[in-house]
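Residue numbers (the numbering used here), protein chains in the order written: chain A, 1 to 92; chain B, 1 to 107; chain C, 1 to 160.
By construction, these hints were calculated from the structure, which means they are not laboratory data.
There may be inaccurate statements among the hints.
Computed, partial: chain B to chain C, Cβ under 10 Å [what the hints assert, rightly or not]:
| id | residue |
| --- | --- |
| 1 | F47 |
| 2 | M75 |
| 3 | Y90 |
| 4 | E98 |
Every residue gets a Cβ at the ideal spot worked out from N, C-alpha and C, and that includes glycine.
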Amino acid sequence: MLTTILTTTIYLSLLIHLALIAVAVWRVWRGENVIDRLIGLDVLSLLFLAMLVLLALVYRDSIYIDVALGLAGLGFITTIALAKYVADEQMF
Amino acid sequence: MMTTILQVVALVAIILGTFFSVVGIVGMVRLPDVYARLHATGKVGVFGVVLLLIGAVAWTPLGWGRALLLIVLLMVSGPVTAHALASAAYRIGLRVKEPVRDDLREI
Amino acid sequence: MYYFARAVLLLTLMYLALTSNLQASNIVMGLLLSVGVMALLRPQLREADGRRAGTAVLALFRYIFVLIWDYIVSGIQVARIVLSPTMPLHQAIIAIPSDCQSDLGLALSAHALTLTPGEMVVEIGDDGTMYTHVLDVEKVETAVAAAQKQREELLEKIFP
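Build the full structure now, drawing on both the sequences and the hints.
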């Protein structure tokens, strides 16, 4: 009984996160300025992270959390590098 | 018995995490300028993912250590990202909308 | 010796977190690997007296607890502002002075300040002044000085 409720909740949460990803993509496409689009990208990587965690919950397999660990590090570095590029007009 | 407790914890964490994710995105759309949007995404958005990870710790076997490491990584990197984006925004000339006070403008 | 033990402990904890296995054999394996890595790398470690280790660990735990509490409160506060129909915003950028001298102390206290409810560091001046964006000026003006002082004292204890 409780397992059914839990599975239904996880699938609902996946659907909601898909809708949120659509909103974030819209923000990146039609942003007001550069920083707005960068915030959209940052949120996009966070939402992919959330979807990976939910997939780990669906399949009850921890390999997805490994992937999420890599994605978190990569998204963090990407956002920092892009912010530095926007601010200083150069990478290093 | 133990399974039931873990399932309830996972259920509550997933519902709360989805709620905070939705609040983060709503804040990104609704708030008036870049700095306020960074408050919404950098804190509330990360908070949603952390709650989902707590659900994963409770319900996914074998993954608790990596999930805890990911929580620590997110809690360290979230504010740093927000600070980098805010600093870049101020340097390219974006200002706060309707500020009560702006101490940085004089410098 | 204190710094060596701290590094070995951190490496062992990292190994245990990545393997997600708390059996005694795995713990021994992690300890051996960490000591091996530290012996091979031989980083330049400063010597410090071990008597302060107890207070440092206690202060570290208090600091982590304070940070997590701040995180929860700030999440709820921003959620309340976003979801209220009128959105009561009184934005401002205020200057908050800081006593920290070292780079590490400055970075950590900026991080802690960003986690405080409704605040986000925008720029750090040359003399360590933190220019902080706040969502609601009237609420934070008084509370922020005391909270910042407490965190800097804890940081002093952790990194002597």
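Right, here's what the structure says about each hint:
1. F47: 4 Å, holds
2. M75: Interface hint status for B:M75: holds (7 Å vs cutoff 10 Å).
3. Y90: 5 Å, holds
4. E98: 7 Å, holds
Against the hints set out earlier in the document, no violation occurs for any number.
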